[in-house]
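In order, the protein sequence lines correspond to chains S and B. Each residue of the first sequence is one higher than the one before, counting from 4 in the numbering used here. Each residue of the second sequence is one higher than the one before, counting from 4 in the numbering used here.
I should point out that these hints are in silico values taken from the structure, not numbers from a laboratory. Everything numeric in this text was worked out from a predicted model, so none of it was measured. The reader is advised that the hints may include incorrect statements.
In this list, chains with the same sequence are indistinguishable; a pair is considered to hold if it fits within one copy or across any two.
[Said to hold, decoys possible] Cross-link-like lysine-lysine pairs, in silico, DSS-like; alpha carbons within 30 Å at most: (1) Lys297 to Lys25; (2) Lys47 to Lys183; (3) Lys297 to Lys59; (4) Lys328 to Lys59; (5) Lys297 to Lys163; (6) Lys59 to Lys47; (7) Lys25 to Lys328; (8) Lys183 to Lys25; (9) Lys297 to Lys47; (10) Lys59 to Lys183; (11) Lys163 to Lys328; (12) Lys328 to Lys47.
There are 2 protein chains.
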Amino acid sequence: MKLASINSGRDGELTLVSRDLKRAFSLPGTLQTALDHWPEVSPKLIALSAALDEDKVPNAFPFDSAQCAAPLPRAYQWADGSAYIAHIALVRQARNAEMPPSLWTDPLIYQGGSANFLGPNEDVPIADESWGIDFEAEIAIITDDVPMGVTAEAARAHIKLVMLANDISLRNLIPTELSKGFGFFQSKAWTSFSPVAVTPDELGEAWNGGSIDLPLVTTLNGTEFGRPNARTGMVFDFPRLIAHAARTRPLGAGTVIGSGTVANDDRSVGSSCIVERRAIEVIDSGAAQTPFLKFGDRVRIEMLDAEGRSIFGAIDQAITAYEPK
Amino acid sequence: MKLASINSGRDGELTLVSRDLKRAFSLPGTLQTALDHWPEVSPKLIALSAALDEDKVPNAFPFDSAQCAAPLPRAYQWADGSAYIAHIALVRQARNAEMPPSLWTDPLIYQGGSANFLGPNEDVPIADESWGIDFEAEIAIITDDVPMGVTAEAARAHIKLVMLANDISLRNLIPTELSKGFGFFQSKAWTSFSPVAVTPDELGEAWNGGSIDLPLVTTLNGTEFGRPNARTGMVFDFPRLIAHAARTRPLGAGTVIGSGTVANDDRSVGSSCIVERRAIEVIDSGAAQTPFLKFGDRVRIEMLDAEGRSIFGAIDQAITAYEPK
């Protein structure tokens, strides 16, 4: 089953999307409301979804990702991990920060802003190009209600939907902000999500209950930037990230958890953010050459299945200059 | 006008409460929905509130804070500042952390979890007493939609409601967590709020558009723990905190912003959290004597107006042992 939120009000209109991303069918209510009542609602959605895939829903309309908000246009929680060791190593090296000693045993997760998620084709408005605008291509999952103290094993059943994310980061604001000790705030301005969120069964054999064995493809202005595999080098899979996030409190239905920037040790696959490439340039040649994003730059993030079909649709969006009204 | 959310489902039932906290009247919908449509909804609420204060609402019922969820039982954003320099100095001293050099010019704010706020009389379930359980008595405000890049001056008009908060902190988890560089997550387990949130006019002359010139009174197991004035020593008032939070992104309606632990330089007024008293004990006598909270301990946080009347009702709650089901 694939679900989207067509732009409408603050929370969008819950929309079923066919497996081939061609047809759609809107329903009363929102995705958050569906997640709030998932045990009762999801069987009905699954039945309708099967009918939509067989083209047996008369009022279906052509699906257009440009009409999409994020699957959850606003959420009660966005907890973003940093589960790929290759990313952690390069980014910390780039800003002369130490590697956390607990790296292999204790997940890194930050509490992100979740009040204004961007849709897959929405512009990313930024006030100042000099802030070091960067993309971060990630996998994200949505949970139902997760009890406090859940084990990683029990957490697997709480992964209800999977999607892609672009976590926009303002690299030049990060060092000052982190030096204050309270984590990211201004430096994590926006997060965008793929047109659809899918139930894990849509991933077939690429899903093992915790991560996706497929490349995540990022292009910048039409040129491929990276295609790392989303399972390789993921130190903590989603159940581990959920268990970490739920150690001292429950997670409410509709909690969104991110993987962090997908990265592999194999440099030939490229990167899912600019700062990694810049770090490699510094290591290789002493100086970063790839600039951060400029107004007008366009980032595309997509994941294809083994047969080359888009699973989530594409995040495809431009950075724009924000002008206060 | 005073607003509460009576326990009902995930988001409570929007409830008007009389100025004297004696009578209440429930309305269709939730506080979040009201905030989403504040310009249209608030005039009607204000008219009804005036009728309730004059005891002219026939279906009014006796107000009971034990039936209250947090005014927003879950929110899309909880951004908690640390605006009182006396608190910052003592807490950092207690954990041997440096004072941020930008302390006087750049607000400290962390992104908090907002998916499961506690009501004023709800138990605070914690799995492990050894985590160093502490309260933090704070002021919090709720905004409407705040545009990105708002100035502090313009931010004043976006403060729609004011309430009290108890930001439960797990002190023994903080050093390890902050050393990882990503800010608080597990160490900020729960936040509770006062029975009612009030429009700023309810604060009368104690409100200057940015802070409250009244003591915030905390008692622990019936003994007064602190009564610092909530304006004294607030380095950044709420408009400054809003402007900081909105520098790189807009804030959605229903954003909750906290002041951080209210603290004064004058030690005779006591403290709004245990870790401050422990820090003072270390400074004075070389060793902390006051223990962190134990299961069964009860914290009460309240603010009285100049005539001794409770403005927000009281947060009054016990710490309890969490047993997984």
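Each hint tested on the structure:
1. Taking identical chains as interchangeable, the C-alpha atoms of Lys297 and Lys25 are never at most 30 Å apart, the minima being 33 Å within one chain and 57 Å between chains.
2. In this assembly of identical chains, the alpha carbons of Lys47 and Lys183 never lie at most 30 Å apart, being 48 Å within a copy and 43 Å across copies at closest.
3. Taking the closest pair of Cα atoms, Lys297 and Lys59 never come within 30 Å of each other, the shortest separation being 45 Å inside a single copy and 60 Å across copies.
4. In this assembly of identical chains, Lys328 and Lys59 lie within 30 Å of each other by CA distance neither inside one copy nor across copies; the values are 46 Å within and 43 Å between.
5. In this assembly of identical chains, Lys297 and Lys163 lie within 30 Å of each other by CA distance neither inside one copy nor across copies; the values are 36 Å within and 36 Å between.
6. For the homomeric pair Lys59 and Lys47, the shortest alpha-carbon distance inside one copy (15 Å) is at most 30 Å, but the shortest distance between copies (46 Å) is not.
7. Taking the closest pair of Cα atoms, Lys25 and Lys328 never come within 30 Å of each other, the shortest separation being 37 Å inside a single copy and 43 Å across copies.
8. Within a single copy, Lys183 and Lys25 get their C-alpha atoms no closer than 48 Å, and across copies no closer than 44 Å, so neither meets the 30 Å cut-off.
9. In this assembly of identical chains, the alpha carbons of Lys297 and Lys47 never lie at most 30 Å apart, being 45 Å within a copy and 46 Å across copies at closest.
10. Taking identical chains as interchangeable, the C-alpha atoms of Lys59 and Lys183 are never at most 30 Å apart, the minima being 57 Å within one chain and 52 Å between chains.
11. For the homomeric pair Lys163 and Lys328, the shortest alpha-carbon distance between copies (21 Å) is at most 30 Å, but the shortest distance inside one copy (39 Å) is not.
12. Within a single copy, Lys328 and Lys47 get their C-alpha atoms only as close as 44 Å, which misses the 30 Å cut-off; across copies the closest is 29 Å, which meets it.
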